[in-house]
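S.K.: Protein chains in written order, with the numbering used here: chain A, 1 to 659; chain B, 660 to 794.
Hints may be right or wrong, so weigh each one.
[Unchecked claim] Counterexamples of contact, computed for chain B against chain A with all Cβ distances above 10 Å: (1) S722; (2) E749; (3) E761; (4) D776; (5) T781.
[Said to hold, decoys possible] Part of the chain B face toward chain A, derived, beta carbon under 10 Å: (6) Y690; (7) G747; (8) T755.
Just so you know, the hints here were simulated from the structure itself, not pulled from any lab data. Where is the CB? At the ideal position from N, CA and C, for every residue including glycine.
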Amino acid sequence: MAELGYITLVLAFAASLFSVAALIFGGKEGTSWLNRNARKLVIAVFILVTVAVVILETAILTHHFEIRYVYQYTSKDMSLIYLISAFWAGNAGSLLFWSWMISICGFVLVIRQRPGKRELTPYTLAVVMATKAFFTMLVLFFSNPFARLDHAPSDGLGMNPLLENPGMLLHPPTLLAGWALFTVPFAFAVSALINNKLDNTWISYARRWTVMAWLLLGVGNIIGAWWAYAVLGWGGYWAWDPIENAGLIPWLLSTAFIHSMVVQKRRGGFKLWNITLIVAVFTTIMLGAFLTRSDILQSVHTFGRTQMDLPFFGLMAVALVGSIGLIIWRRKSLVSEMNINSFLSREAAFLLANFLIVGAAVITLTGTLAPAFSETLTIEESFFNQSVVPILIAVILLAGLCITIGWRRPDARRLRFTLISSGTAALAVTAGLLIAGIREWYAIIPVLVSVFTIVSSIMVWLSDVHSRKRALSENYAAASVNLVRSNRARYGGYLVHIAIAIMAIGIVGSSVYDVEEYAILTPGETMTIKDYSVTYDNLLGDGDDGRMEVWAVLSAYKGDKYLGEMKPVRVFHRSYDGSVGRVAIRYSLIEDLYISLSGWEPVDKDDHSKGYQAGFMVEVNPLVTWIWVGGGVLLVGGLLCYWPRGKRQSPSSSGNPQS
Amino acid sequence: MKNKRFLFGGTIIGIAIIFLAVMAFQSGSGYYYTVAEALHEKDNLGQSSIRIQGEVAPGHQTSGAGQNLFFTLMHVDDDGNTCPDEPGIEVNFTGTVPNNFETGRHVVVEGRFDNDDSFNATKVITACASRYEPA
């Protein structure tokens with residue numbers, strides 16, 4: 001079984017190399033024998049890697065412990081979902097998954113291609129398949145998931161208990177898929193440069209791939225934040241850890257890219273900028289992969305030092321130097337055709353937003369890499385909080401202002417209407433906060449800005465619905481649905497802006513106003529935090545030699561109202577020195593009650609029947625749930641942007657009556 | 660003419676961003692000591708808060724129902740090798756022990772030297788989770 005898996009990967013590697021050669025030398029799409037067979041090779045690679053993936057997953061599910069990867073990351077007592085997710089628990093498996101995702105991209109590019117329409121395809125596919133070959137090479141020569149042990153152990157080591165969380169099922173694969181998907185827009189850009197076809201063609205092909213990759217990366221980061229909140233047990237969800245930053249930087253850059261693509265498509269501007277951005281996205285993804293696999297920075301996410309740091313560095317260098325070379329070669333075709341008419345235009349606002357987002361990404365990158373250049377330098381979280389966060393607040397404000405002004409020149413009446421209504425709403429909320437006794441300007445300003453953006457987005461949508469209703473004499477319900485259907489990208493975008501503003505409110509509330517208490521309680525004792533009281537009832541445990549869980553049972557009250565039982569847990573696992581906490585959280589829209597169990601000892605050392613006193617960290621974290629709600633809205637908005645245009649559109653309903 | 664206006668605006672914003680980053684850098688960055696350096700400099704440091712990087716020695720203990728942690732921080736040299744034979748620093752920490760704290764892990768501790776030569780940490784930052792890829 002292991003041999004079969006390895007052989008399919010060898011064949012896939014050979015086939016990807018052949019396909020790259022055939023695509024480069026095969027000339028234009030569908031014109032030569034070489035080109036037609038290259039397409040078949042791409043499909044073959046997809047099938048081969050899929051077979052390898054199925055073999056590894058089957059080996060994991062059927063406990064083939066003679067395969068080292070299966071031995072290292074799984075055991076017989078693991079539940080099905082963790083067995084499935086053990087696939088990406090280690091370096092070898094996650095690289096195989098990444099490589100599989102790229103082969104799916106290649107496959108989709110081939111089958112979705114319409115004859116005669118895609119002159120960019122051969123080089124695009126060549127870049128995708130070359131990246132695919134690179135990842136297969138890593139799996140084959142550096143980190144083989146099918147490597148065998150010289151004996152067959154009866155049970156495996158099991159998964160690191162830190163990874164035992166539902167987040168494990170979603171966080172790694174969404175991030176890996178997002179990273180893999182960005183190969184395609186990058187490949188379109190390279191192909192456009194080589195073919196010297198730098199009009200909007202590559203932008204329109206790359207758009208949906210970019211939106212999907214951006215969405216996967218964004219949602220993957222949010223799931224990771226939720227995981228950190230629920231598992232790591234310090235009440236935080238984002239620590240500006242180098243690898244978290246490595247996920248954030250390409251996401252920020254691609255956010256800028258998605259917006260500047262719109263400007264190129266509509267107005268022919270930002271050509272050089274767009275190419276530069278997608279190259280930066282791809283390069284920073286490889287940089288992240290390089291950092292995770294080298295030991296130059298320290299982080300909770302690293303795999304420890306592997307021999308893969310050099311190959312990833314090499315790929316990053318080739319991508320960067322090659323792209324810069326191509327850009328210089330084609331610089332004459334990258335001249336902007338756009339003149340910006342007014343400071344108060346969408347072009348100007350998009351330019352400014354791009355500038356700020358890229359600035360935030362550059363600062364994050366600098367802060368992340370700085371410790372690598374100076375052995376003893378440390379960058380604290382406050383560096384990022386004081387530099388990146390204010391810039392992103394400014395971006396949220398721009399998002400609110402930007403949608404109130406149209407392309408080229410603003411429509412004065414509409415501008416006044418939305419500005420007044422959303423400004424009033426924002427000021428009303430601010431007044432409410434001030435009356436409630438909140439005085440921290442660094443909390444009030446972000447909330448003011450976020451409320452402004454949420455309300456202005458809704459107002460613009462409502463006013464569009466109103467105009468559509470008048471213009472096409474539809475009723476309000478039909479007008480609101482049809483409006484969104486007529487321009488999913490635009491209204492999906494508004495929804496994403498609302499999502500980001502909701503998340504910003506959650507981040508501000510939870511980072512400025514969280515309350516934390518430590519306590520050591522004996523059974524029956526109660527502690528209070530804000531208006532909550534928590535009574536520690538007893539300590540229970542269950543498990544065997546391999547794995548044991550100990551949990552405290554607490555009754556939580558808010559005032560006199562009984563909220564329910566809460567059970568913070570600590571897990572002991574044979575593959576792990578020490579124990580891992582699992583936090584008990586009572587979620588609500590206003591604030592979370594968050595309890596982590598830090599340890600215990602007998603009340604009386606000589607008489608264990610008197611029970612155990614236990615140490616707790618209890619937090620009240622306001623508005624954290626808004627972050628996860630915002631994440632959900634982001635997913636819906638992103639999918640709306642991604643969804644293809646409907647086919648049933650009548651010509652009269654396409655396009656927006658306002659623009 | 661218009662382009663000049665935009666160039667001017669862009670420059671202003673660029674300077675603002677750089678200014679913000681420099682300000683944040685001044686308050687948000689620091690240097691950490693190795694164990695050997697910290698022991699060497701101990702008398703000069705007095706009560707100032709510092710960061711020390713090292714490796715957790717075997718035999719770390721918790722007390723106070725898991726909220727007090729006591730361990731020895733071993734020196735790690737510039738090449739990343741642990742030096743168990745060189746003098747270490749005894750660290751006291753009160754708070755939530757990080758989930759991935761264990762023997763052999765590289766950690767950064769932040770705090771002050773106590774009068775009795777031990778180090779009172781207000782923060783323990785775990786790093787380098789070699790466990791994700793066992794050798």
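S.K.: Against this structure, judge whether each hint is valid.
M.R.: To see whether the hints hold, each was checked on the structure:
no. : hint : in the structure
1   : S722 : 7 Å, violated
2   : E749 : 19 Å, holds
3   : E761 : 4 Å, violated
4   : D776 : 23 Å, holds
5   : T781 : 13 Å, holds
6   : Y690 : 5 Å, holds
7   : G747 : 18 Å, violated
8   : T755 : 5 Å, holds
Going through the hint list in order, the structure does not satisfy hints 1, 3, 7.
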